[in-house]
Amino acid sequence: MAAFGLLVVVVTACLLAPVYAHHIAHENPFTSNLNGTIRLGNKTVNVLQANTQGLGLGVTPIGPTWHFSTYFLGADSQGRDVFARLLYGGRTSLFIGFISAVICCVIASVLGLASGYFGGAVDWLISRIFDIVWAFPIYLLAISLSVVLLTSGLNIAFIHIQAGSLVLPILIIAAVFVPYVGRPIRGLVMSLKEREFIQAAIGAGASDFHILRKEILPNVMPSIIVFFPLMVAFNMLTESALSFLSIGVQPPAASWGTIINDGLDLLYTRPWVAMAPGIMIVITAGALNVLGDGFRDAFDPKAKLRGSI
Amino acid sequence: MMAKQLVQKAFVTFGALALMSSMLIAMGPVTPAGAAFTYQAKHAGGTVHLLASTAGGTLDPQVNYTLQYWQLYQATYDGLVSFEKVSGQSSFNVVPDLAVAMPTVTNAGKTYTFKLRTGIKFSNGKAVTVKDVLASFQRIFKVSNPNAGTWYNDIVGGPACVTTPATCTLKGGVVVNTSTNSVVVNLIKSDSEFLDQLAVPFGSILPASTPGKDQGDVPIPGTGAYTFSKYNVNTGLTMKRNPYFKVWSAAAQPKGYPDTIEETFGETVESEVTSVENNQANWIFDPLPTDRLQQISTKYASQLHVNPLTADWYVPMNVNLAPFNNVKARQALNYAINKNDVVNLYGGTKLGQPTCTILPPGFPGYKSFCAYNSTSSSTYKGPDLAKAKALVKASGTAGDKVGIVVTNDPVNLAVGQYIQSVLNSIGYKATVKPLSANIQFTYIQNTKNKVQISVSQWYQDYPAASDFLNVLLSCSNFHPASDNSINISGYCNKTISAKMQAAEALELTNPAQANTMWGAIDQQIMTTDAPWVPLFNPKLTDFVSKGTGNYQFSKQFYMYVDQLWVK
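Residue numbers (our numbering), protein chains in the order written: chain V, 1 to 309; chain C, 1 to 567.
If we strip away everything but chain V, and leave its shape as in the complex, we get:
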């Protein structure tokens, strides 16, 4: 329950990003503000501050003001409000994590059900597809797909997705994780298929579609529900990794991964730029992980295995 509460707080805060940016901080977190100034107490302070000591080289973005109304976590190298970007970045990371988890679970469920129930050639074909995808290290596959698709976009038949679209990382992340959900579901379906109530339904002349929808899917659904928050966490981490490598979410859009990337070159002087999204990722992924465990405990209190991210 605590994990769920924490997650609700994070999601709510991220959803309120526009409110914070436009009505409290009064900053556009997507445009450069290299010559901007802010009011701190009675002083006007530059967002980018020139070094005045020694030889006077270097310009450093303002650090955390710890004033909620202005540059709470300081600025990045473009002079943008890090806290506002953190909230917007959370929206993007969670959105990609959630949607790609939905797509992943839906596709994996369909394929797992078909593979496990029909067996034979269908099972062979789907299993080989899973094997092929599984043969590649997951990040290597995601990076390869991202590099190709992010430069040219996706153009297959009537599908045209522009390079830089959020849809691309969503599809890429969803695709690479399908075998990770699909295989356990296939195994579960194969096990269920041998159970008496399924054999009874087959003997009673029920159609395959009916059996899958009415008999098998309800028994598989708890596993899918357990998988779902874990996949959201996995997908969010993958998105962050890809964005950190500049092959996920593209600037000026923000995600927690892109903000960490922005902060990489400010680690020495402004560590909060990279640390803040890192902390958010840890909190959110941890909460989703615990939530997934909670779901499993609720559906199967006798389970011995405990998953983790």
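None of these hints come from the bench; they were simulated from the model. One or more hints might be untrue.
Said to hold, decoys possible - Stretch-level coverage of chain V by chain C, calculated; a stretch enters the list once three of its residues show a Cβ under 8 Å from a Cβ in chain C:
id: 1; region: 28-35
id: 2; region: 243-251
Stated by the list, open to error - A few chain V positions that, by computed beta-carbon distances, are all more than 12 Å from chain C:
id: 3; residue: 1
id: 4; residue: 6
id: 5; residue: 110
id: 6; residue: 117
id: 7; residue: 118
id: 8; residue: 131
id: 9; residue: 141
id: 10; residue: 188
id: 11; residue: 190
id: 12; residue: 191
id: 13; residue: 197
id: 14; residue: 212
id: 15; residue: 215
id: 16; residue: 222
id: 17; residue: 228
id: 18; residue: 278
Said to hold, decoys possible - Here are the computed lysine-lysine pairs in the DSSO-like style, where the Cα-Cα straight-line distance is at most 30 Å:
id: 19; chain 1: C; residue 1: 381; chain 2: V; residue 2: 43
id: 20; chain 1: V; residue 1: 43; chain 2: C; residue 2: 299
id: 21; chain 1: C; residue 1: 567; chain 2: C; residue 2: 121
id: 22; chain 1: C; residue 1: 429; chain 2: C; residue 2: 393
id: 23; chain 1: C; residue 1: 189; chain 2: C; residue 2: 171
id: 24; chain 1: C; residue 1: 240; chain 2: C; residue 2: 567
All C-beta atoms in this analysis are idealised placements derived from N, C-alpha and C, irrespective of residue type, glycine included.
Fit chain C to the given chain V structure using the hints.
Okay, now just chain C, sitting in the frame of chain V:
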């Protein structure tokens, strides 16, 4: 020369200069700027340890076109002439090197007669002869030197060599006489920059036995004070003293101090900085991380050297692709970009100077003017967003998609993101396309890639206005569908190209008037066609360790690595 790595710049206050000077004096006598180096034997010996994050590619001096190795070639190779090895403005002077004296120029500037010095040996022990000189000229074409078709094809026989490099003889172009030790170079037309072009590493004299193909990581014997003894692109290189070297002209090739010079590859720049701070290395080639500048310039001020460069950071716009095939769109971006902001991304006003011209300040032909400004002034004052938006509207290009191709290092990426923000603010839909530095420079040159706009840099090859204007913006240097089309904008104004040729021709007889012409050409290009947004002129930071003395800086090839003291 495009030297992307050279991203840092700086400016030194009088106080800082005084501090640096006093510290340097404390570390040992410093040769005054412009004076030939006086050798001080007590400082000889030891190993200079340099750091670079990556190797600079092939070690072949007639192929490599990077500052990283051109800097090292100063101590390892010689041409018939070379740039004077001094500090200050005189380092732009061309002086006789393997030639006894400056050449006799006859035939209306088309014939150069050199006399080769005797008694000089390559690092493999073989004597340098005029046959080596002829072979080296031929080899420029045989190895497909990057500038064979633009610089050296003025030599008689050069065009044929460009067409069929393998059979290059330069018959009638380079004539040598073994009995008189003379070398006669005949040009198709007079060229005021020919000696400059011979003085860069491409003009190095190499043994005639050197194969006529890029030698890659195999060191080629040279005549300099040092010779490359080891080279591994993954780990590093080593330079040892040339056992056959004797000083024949300190102005051309002075004796170096360290016994060994090592350059190690593979560390991150952050780690390199820490190594120099801890006195574990003497110098780093890479630009200092902007995040460390404040610390270094405060805590290690006496070890930091800042020098202005004759270089440009600029935004080439493709004049043959929408929206920048519309001059109003190009002018709009010139008005919109706040160059002071870009300088801040680079490290601040003490590391870069906003510019409106193609020629850098202090360069031959430079004339201060600013066509796109917030107020009427010859120096840059600021952007005019209202004018920019009006021009975009008038151009009918509002709403167009624009892709900005930048290299993926932090500073270039930040500049790209800033330009994206500016383009979005004046009505375009911009995206940033970061590419690895290894491929971005050639990618943006090739018209097949349909690059609309990019961020690039240009560092002078030698001090001549044509090295910027003619090389970067003339019709002759626009080669569609080629990776080697340095006129990145694809700009070709035949009237202006003709004026460039006239200015080049005038340099031989009336340099002052030629420079006036170059200044006017610069102004005309920016005012009427605006194919670029000139951003700023960078300054270079050299960070040396505490135990490193005798820092000497050439405006042509930057810090002399062989003059450093470690004893």
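A quick look at each hint next to the structure:
Counting residues of the region 28-35 of chain V whose beta-carbon sits less than 8 Å from any beta-carbon of chain C gives 5, enough to reach three: the coverage restraint holds. With a cut-off of 8 Å between beta carbons, the region 243-251 of chain V has 3 residues touching chain C; three or more are needed, and the interface restraint holds. Every CB of chain C is more than 12 Å from the CB of residue 1 of chain V (nearest about 42 Å), matching its label as outside the interface. Non-interface status of residue 6 of chain V relative to chain C is upheld: no Cβ of that chain comes within 12 Å, the nearest being about 32 Å off.
The beta carbon of residue 110 of chain V sits about 34 Å from the closest Cβ of chain C, which is more than 12 Å, so the claim that it is off the interface holds. Residue 117 of chain V, annotated as away from the interface, keeps every beta carbon of chain C farther than 12 Å; the closest lies near 45 Å. Look at residue 118 of chain V: its CB is around 44 Å from the nearest CB on chain C, clear of 12 Å, so calling it non-interface holds up. Every CB of chain C is more than 12 Å from the CB of residue 131 of chain V (nearest about 33 Å), matching its label as outside the interface.
Taking the minimum C-beta to C-beta distance to chain C, about 20 Å, the non-interface status of residue 141 of chain V holds against the 12 Å cut. With a closest Cβ-Cβ approach of about 44 Å to chain C, residue 188 of chain V is found to remain outside the 12 Å limit, as its non-interface label requires. Taking the minimum C-beta to C-beta distance to chain C, about 46 Å, the non-interface status of residue 190 of chain V holds against the 12 Å cut. Here residue 191 of chain V stays apart from chain C, with its beta-carbon at least about 48 Å from theirs, past the 12 Å limit.
In this structure residue 197 of chain V is separated from chain C by more than 12 Å, as the shortest Cβ-Cβ distance comes to about 55 Å. Even its closest Cβ contact with chain C, about 44 Å, leaves residue 212 of chain V beyond 12 Å, as expected for a residue assigned away from the interface. Remark: the non-interface label on residue 215 of chain V is consistent with the geometry, its nearest Cβ contact in chain C lying 50 Å away (cut-off 12 Å). Non-interface status of residue 222 of chain V relative to chain C is upheld: no Cβ of that chain comes within 12 Å, the nearest being about 43 Å off.
Once the 12 Å rule is applied to beta carbons, residue 228 of chain V is consistent with being away from chain C; the minimum gap is 33 Å. No Cβ of chain C approaches the Cβ of residue 278 of chain V within 12 Å, the least distance being about 17 Å, so the stated non-interface status holds. The suggested pairing of residue 381 of chain C with residue 43 of chain V holds, with an alpha-carbon distance near 25 Å, which does not exceed 30 Å. With a C-alpha separation of about 28 Å, the suggested pair residue 43 of chain V and residue 299 of chain C falls inside the 30 Å cut-off, and the hint holds.
Distance check on the hinted pair: residue 567 of chain C and residue 121 of chain C sit about 28 Å apart at the alpha-carbon level, within 30 Å; holds. For the proposed pair residue 429 of chain C and residue 393 of chain C, the alpha carbon gap of about 14 Å is at most 30 Å, so the pair holds. Between residue 189 of chain C and residue 171 of chain C, the direct Cα distance comes to roughly 16 Å. Compliance with the 30 Å bound is thereby established for this hinted pair. At roughly 17 Å between alpha-carbon atoms, residue 240 of chain C and residue 567 of chain C fall within 30 Å of each other, so this suggested pair holds.
Hint check: no violations occur; every hint is consistent with the structure.
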